[in-house]
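Novice: Full structure from sequences and hints, please.
Chains as they are written, first to last, in the working numbering: chain A, 1 to 313; chain B, 1 to 675; chain C, 1 to 172.
Calculated directly from the structure, the hints in this document are not laboratory data.
Since the structure is predicted, the reported quantities are computational estimates derived from the model, not experimental observations.
We treat Cβ as the ideally placed atom computed from N, Cα and C, and that holds for glycine.
You can trust all of the hints, since none of them are fake.
Label pairs and their in silico Cβ distance ranges:
| id | chain 1 | residue 1 | chain 2 | residue 2 | range |
| --- | --- | --- | --- | --- | --- |
| 1 | B | Ile604 | C | Asp167 | 54 to 62 Å |
| 2 | B | Glu465 | A | Thr2 | 55 to 63 Å |
| 3 | A | Arg290 | B | Thr368 | 36 to 44 Å |
| 4 | B | Ile604 | C | Asn97 | 24 to 32 Å |
| 5 | A | Ile266 | B | Pro548 | 25 to 33 Å |
| 6 | B | Ala491 | C | Pro67 | 54 to 62 Å |
| 7 | A | Leu206 | B | Ile604 | 21 to 29 Å |
| 8 | A | Leu178 | C | Glu100 | 52 to 60 Å |
| 9 | B | Met577 | C | Asp167 | 37 to 45 Å |
| 10 | B | Trp560 | A | Ala284 | 35 to 43 Å |
As a list, the in silico EDC-like pairs of lysine to aspartate or glutamate whose alpha-carbon atoms are at most 16 Å apart:
| id | chain 1 | residue 1 | chain 2 | residue 2 |
| --- | --- | --- | --- | --- |
| 11 | C | Lys113 | A | Glu54 |
| 12 | C | Lys140 | C | Glu100 |
| 13 | A | Lys59 | B | Asp564 |
| 14 | C | Lys103 | B | Asp564 |
| 15 | B | Lys600 | B | Glu618 |
| 16 | A | Lys59 | C | Asp107 |
| 17 | C | Lys129 | C | Asp139 |
| 18 | B | Lys379 | B | Glu469 |
| 19 | C | Lys113 | C | Asp139 |
| 20 | C | Lys140 | C | Asp130 |
Reference excerpt, derived from the structure (chain B facing chain C, CB under 8 Å, subset only):
| id | residue |
| --- | --- |
| 21 | Ser563 |
| 22 | Asp564 |
| 23 | Trp566 |
| 24 | Gly569 |
| 25 | Arg570 |
| 26 | Ala571 |
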Amino acid sequence: MTGYLLEISQALMALALAPGLVGFVRWWKARLQGRRGAPPWLVYYDLRKLFGKEVVISKNASWLFRFTPYLVFSSTLAVTLLVPLIAAPLPFDRVGDLLLVVYLLLLGTFFLALAGLDPGTAFGGMGASREMTIAAIAEPTIALSIFGLAVGAGSTNLGRIVAQTLAHPGAAISPGHLLGFAALFIVMLAETGRLPVDNPSTHLELTMIHEAMTLEYSGRYLALIEWAAALRLLIFFSLLANMFAPWGVATTLTPVAVSVAVIALIAKLGALGLVVALLETRLAKLRLFRVPELLAVSFVLALLAVTSSFLLR
Amino acid sequence: MMLILFLVMISAYLLGAFAALLSGRGAVGRGLVSAGAAVGSAAGLALGVLVIASGFPLTFTSARLLPLTGVALRLDGLGAFFLVVVGLVGCAAAIYAFGYSAQYAGRYSLRLLGVMFNLLLLALSLQVMADNALTFLVLWEAMSLTAYWLVLTEHDQRGTVRAGVWYLAMTHAGFAALIAMFLLLSGAELTTSFASMRAGAALLSPGSRNVVFLLALFGFGAKSGIIPLHVWLPMAHPVAPSHVSALLSGVVIKMGIYGLVRVLLDLMGGGPAWWGGVVLGVGAVSALLGVLYALMEHDLKRLLAYHSVENIGIILIGIGAGLIFHSYGLMTLAALGFISGLYHTINHASFKGLLFLGAGSVLHATGTRNMEEMGGLIKRMPWTALFFLVGSVAISALPPLNGFVSEWLVFQSLLGGSNIPTPEVAVVMPIAVGILALTSGLAAACFVKAFGITFLAIPRSREAEHAHESPPSMLAGMALLAIACVALGLAPFVVVPALGRVLAGLGGLPDTHAVFSLNLSLVAPNNFASMSPTLVALGLLFLLGLVPLVMLIFRVNRRWRVSDSWGCGRAGQTSRMEYTATAFAEPLRRVFAELYRPTKELSIDFHPDSKYFVQSIEYRSEITPWFEKVLYGPLLWFIRFVASLVRRLQSGSVHIYLFYIFVVLLILLLIARWS
Amino acid sequence: MSLFAKIWRTPAVTEAVGQDPEAQVAVVARQIGERARKLFGRSLHIVEVDAGSCNGCELEISALGNPYYDMERFGLHFVASPRHADCLLVTGPVTRNMAEPLKRTYDATPDPKIVIAIGDCAINCGVFKDSYAVVGGVDKVIPVNVFVPGCPPEPVDILRGILSALDRLPRK
Ligand code: SF4
Chain A
1 MTGYLLEISQ ALMALALAPG LVGFVRWWKA RLQGRRGAPP WLVYYDLRKL FGKEVVISKN
61 ASWLFRFTPY LVFSSTLAVT LLVPLIAAPL PFDRVGDLLL VVYLLLLGTF FLALAGLDPG
121 TAFGGMGASR EMTIAAIAEP TIALSIFGLA VGAGSTNLGR IVAQTLAHPG AAISPGHLLG
181 FAALFIVMLA ETGRLPVDNP STHLELTMIH EAMTLEYSGR YLALIEWAAA LRLLIFFSLL
241 ANMFAPWGVA TTLTPVAVSV AVIALIAKLG ALGLVVALLE TRLAKLRLFR VPELLAVSFV
301 LALLAVTSSF LLR
Chain B
1 MMLILFLVMI SAYLLGAFAA LLSGRGAVGR GLVSAGAAVG SAAGLALGVL VIASGFPLTF
61 TSARLLPLTG VALRLDGLGA FFLVVVGLVG CAAAIYAFGY SAQYAGRYSL RLLGVMFNLL
121 LLALSLQVMA DNALTFLVLW EAMSLTAYWL VLTEHDQRGT VRAGVWYLAM THAGFAALIA
181 MFLLLSGAEL TTSFASMRAG AALLSPGSRN VVFLLALFGF GAKSGIIPLH VWLPMAHPVA
241 PSHVSALLSG VVIKMGIYGL VRVLLDLMGG GPAWWGGVVL GVGAVSALLG VLYALMEHDL
301 KRLLAYHSVE NIGIILIGIG AGLIFHSYGL MTLAALGFIS GLYHTINHAS FKGLLFLGAG
361 SVLHATGTRN MEEMGGLIKR MPWTALFFLV GSVAISALPP LNGFVSEWLV FQSLLGGSNI
421 PTPEVAVVMP IAVGILALTS GLAAACFVKA FGITFLAIPR SREAEHAHES PPSMLAGMAL
481 LAIACVALGL APFVVVPALG RVLAGLGGLP DTHAVFSLNL SLVAPNNFAS MSPTLVALGL
541 LFLLGLVPLV MLIFRVNRRW RVSDSWGCGR AGQTSRMEYT ATAFAEPLRR VFAELYRPTK
601 ELSIDFHPDS KYFVQSIEYR SEITPWFEKV LYGPLLWFIR FVASLVRRLQ SGSVHIYLFY
661 IFVVLLILLL IARWS
Chain C
1 MSLFAKIWRT PAVTEAVGQD PEAQVAVVAR QIGERARKLF GRSLHIVEVD AGSCNGCELE
61 ISALGNPYYD MERFGLHFVA SPRHADCLLV TGPVTRNMAE PLKRTYDATP DPKIVIAIGD
121 CAINCGVFKD SYAVVGGVDK VIPVNVFVPG CPPEPVDILR GILSALDRLP RK
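Specialist: Here's what the structure looks like:
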């Protein structure tokens with residue numbers, strides 16, 4: 001019972017933390033640009049405002065356009081129930097594994113791309129086409145990183161992977177793990193629309209990827225999509241953090257362990273957020289047709305990770 | 001009971017064919033034809049389920065069944081499974097055909113269509129029961145020829161005859177390989193039963209076993225459309241009537257899979273690891289190239305046909321992995337590999353059948369297969385759009401539908417590769433994982449294109465603007481398969497153990513139906529991973545209900561207003577401003593330019609007075625059909641060359657022919673004398 | 001690396017709220033913060049429409065985003081699509097060609113929304129008055145909440161204009 005309660009509170013916590021995480025990265029970027037920047041909690045205000053606004057829908061759009069925000073939000077939220085954010089293994093651990101997590105996120109992308117095409121504008125189509133291209137090319141890296149983790153842990157279930165690394169801390173600095181981390185990190189940048197793949201703060205439609213699909217959304221629909229995007233960032237961050245460095249994750253459900261886990265999670269998210277902000281300050285956006293090269297690098301890294309974990313078994 | 005079902009099946013098909021002979025036209029005639037096929041398929045489906053559930057094979061001796069000698073029929077678990085596949089798609093296609101074939105009245109021969117459709121289904125249903133080489137080969141040829149006539153239905157359309165010739169040539173090349181294979185296997189005695197072949201196969205020398213393997217791969221591969229034997233498939237499947245396309249892509253190419261499993265696993269009892277490696281490699285190449293070529297297609301049905309190549313590839317990845325594990329004696333993992341392949345077989349049959357029927361409805365409504373002339377159909381054909389969406393999500397391997405479940409199983413069996421003792425073989429597995437993941441990602445991109453360009457946004461042509469929803473019979477056919485997609489996705493805890501039972505005993509595989517636990521979660525062997533699509537679907541539905549409810553409770557602003565699409569304020573929006581299918585696929589075309597080798601042609605007409613006024617721009621871009629050019633080009637050239645030599649012998653003069661006969665007789669006599 | 005070293009050495013150059021030099025910025029800023037909080041939950045997303053200006057006004061508006069003024073700290077943010085916006089900043093006299101797009105932009109923006117006309121041109125066509133090519137001030141085409149005079153107005157004025165627009169809106 002406590003397990004299920006924890007499960008629900010974990011999802012709620014992810015919901016609560018996600019906008020803050022986005023705001024935090026933005027705040028760091030502003031500081032690095034010599035600005036004071038918006039406070040990290042501004043994103044919460046953004047969301048609240050959007051929920052209070054009316055929705056304007058294109059006259060060409062169909063029911064799919066109105067259904068998509070709910071699906072994107074729900075599928076992303078469902079993932080937070082599967083990923084061990086603060087405790088492992090979770091009661092839902094057997095419901096889904098890492099592959100399911102990836103494909104649930106792809107389900108959201110799929111529908112969002114369709115919704116981008118729905119109003120019939122060129123921007124939406126452009127965004128959909130680019131997003132699907134990048135999602136498709138990022139897929140092999142993700143699968144191989146999963147493979148690498150699974151070979152080490154003997155399972156693709158997230159709880160088992162966490163438990164395995166906790167039991168054998170030495171594995172965390174094995175070449176397979178380190179290479180896999182690097183590979184997944186690059187993919188994370190692509191999948192969450194960060195520089196150098198996509199610029200989250202661009203205003204120029206022609207350079208957009210993710211945002212181009214959502215240009216038609218407004219009000220509560222936009223709020224749901226933005227919140228889901230924030231959740232996605234949080235999910236990828238915590239996958240990176242807890243799969244490769246699971247220390248702090250609670251293995252028992254005592255209050256102390258759980259609160260340690262929450263603090264550890266926030267610390268890890270903060271650290272990754274800072275790294276991403278630093279990277280975004282340093283890097284320029286890649287040309288769209290250079291992105292596959294970057295992803296090819298990550299693929300090779302992942303392949304090396306798997307091969308090394310095979311050979312060093 | 002089984003016997004009754006069997007007889008119902010046969011007689012329904014025959015009655016359907018007979019009804020078509022009497023009167024193909026008119027609602028009654030079409031109704032009888034469809035009813036025959038539908039009842040026959042349903043009986044076949046029930047028979048298959050019954051055999052799997054009871055575990056008792058059904059046997060007929062030829063004496064009891066037919067006056068012919070040499071015919072042997074036996075329906076075991078594997079055959080029953082494929083009978084279920086035939087029945088499922090056949091039933092849906094038959095119902096659909098009632099509405100769909102109405103448009104052919106007066107234009108094409110409905111009589112031929114009805115007869116051949118029923119006979120094809122009959123041949124398919126009996127194919128999986130064949131218990132000796134002769135029966136197998138005869139039915140195989142019957143299946144190929146009836147399919148050929150069906151492909152030729154719209155004989156006056158461009159490309160149809162060409163497609164028919166390619167199909168006939170390829171399928172007969174495969175057929176020749178199969179004859180040779182069975183001759184080797186049965187010791188040149190085609191009426192020996194499969195049972196004695198099974199015993200004999202073990203005694204064959206490794207060399208001839210390898211030859212059998214290669215012949216089987218070629219023969220069955222040509223039927224399945226594996227790369228590089230796939231060229232006929234994207235030509236032949238699109239030109240057939242859509243319900244026939246559904247049957248061809250959903251079922252007929254699966255007979256190649258059936259044959260491979262039957263021969264390699266059942267008759268030969270598995271083989272060395274490199275067999276599995278070759279099958280896996282062919283599968284991986286077919287999967288990746290299939291989806292890549294599909295991405296460049298803007299003909300809706302051709303796109304789907306290329307996806308058939310892709311999915312056959314995925315099935316073969318599973319089967320290849322199974323064969324590899326089998327050769328190392330890792331029986332549970334081997335069973336997992338085969339199960340994933342077979343599961344994907346029925347999944348592909350259901351969603352590809354569904355998608356072809358959907359494409360048929362679109363074709364029916366707009367009169368074109370070109371996606372660039374569609375658009376906005378979701379408003380005009382809501383049900384078709386919904387069904388097509390279900391199919392698209394399923395084929396893109398997105399949870400919680402069936403495509404995801406079987407691809408998950410394929411992934412799991414590949415992940416089991418870490419149990420292989422020799423690293424140089426084991427390393428194949430992660431590469432296959434990468435290719436499979438890329439394939440499924442690209443498939444998702446492709447179906448965003450297929451669904452988005454076809455059904456969403458503003459109509460791109462007058463025909464699309466005036467499109468109409470299909471008649472109820474067509475919708476019913478699609479609904480049947482859509483339900484199958486959902487059910488197969490939500491109930492793996494039924495399907496997987498059933499498949500475990502189907503495979504039990506084939507090539508020494510253990511009965512694994514207990515290994516894969518029967519509760520809601522699907523558990524890979526050794527507790528490697530578990531997943532429950534059922535609970536995921538429930539969870540998603542729950543959240544989909546919960547989110548709006550919470551928004552209601554928190555008094556979120558619920559007003560909405562309809563306005564123009566945002567186009568930077570410009571006046572009016574026409575369909576010419578939309579993203580096209582070509583544009584959608586452009587980034588991927590650039591990424592994989594090495595493979596496509598696109599050719600570009602740009603010609604601009606300037607105004608004679610000034611270069612700044614353009615009168616017209618013409619842009620052509622095509623991808624190079626690499627296989628046709630490099631592989632088949634020389635072959636065709638050679639055949640033509642030989643044919644032109646042979647032609648010199650033909651003069652049309654009776655005297656010359658008499659002379660030939662005389663010479664041949666003379667030579668034969670001489671040979672007979674010397675030997 | 002030298003980039004990060006430089007970042008490390010340079011302090012934040014944004015005018016701090018409450019320190020003097022140009023106290024206006026600080027005061028206006030704080031007021032905006034309070035007022036916008038009430039109406040738009042503190043965040044205000046802006047879309048800028050150039051209805052035919054000489055781009056002088058645009059220069060001043062884009063200055064709002066630089067590290068000195070750093071309007072993001074007040075929750076003001078430029079967005080790409082009017083669907084995402086709460087506020088239209090319109091500059092320039094409305095030319096005949098831009099009248100229709102301006103109307104469409106206004107229509108595309110979800111309620112509640114405010115419109116601020118920036119610069120003399122936007123009020124009465126300024127130096128372009130009586131030209132055959134202009135329709136008139138912004139309020140000839142869409143309802144305007146606040147006018148900010150100046151040719152071009154200073155960034156602080158624009159900030160103040162945004163503030164008074166927030167003030168004038170009826171409470172929800
Ligand atoms: S107000 Fe002045 S600066 Fe602004 S657009 Fe008009 S002329 Fe240019």
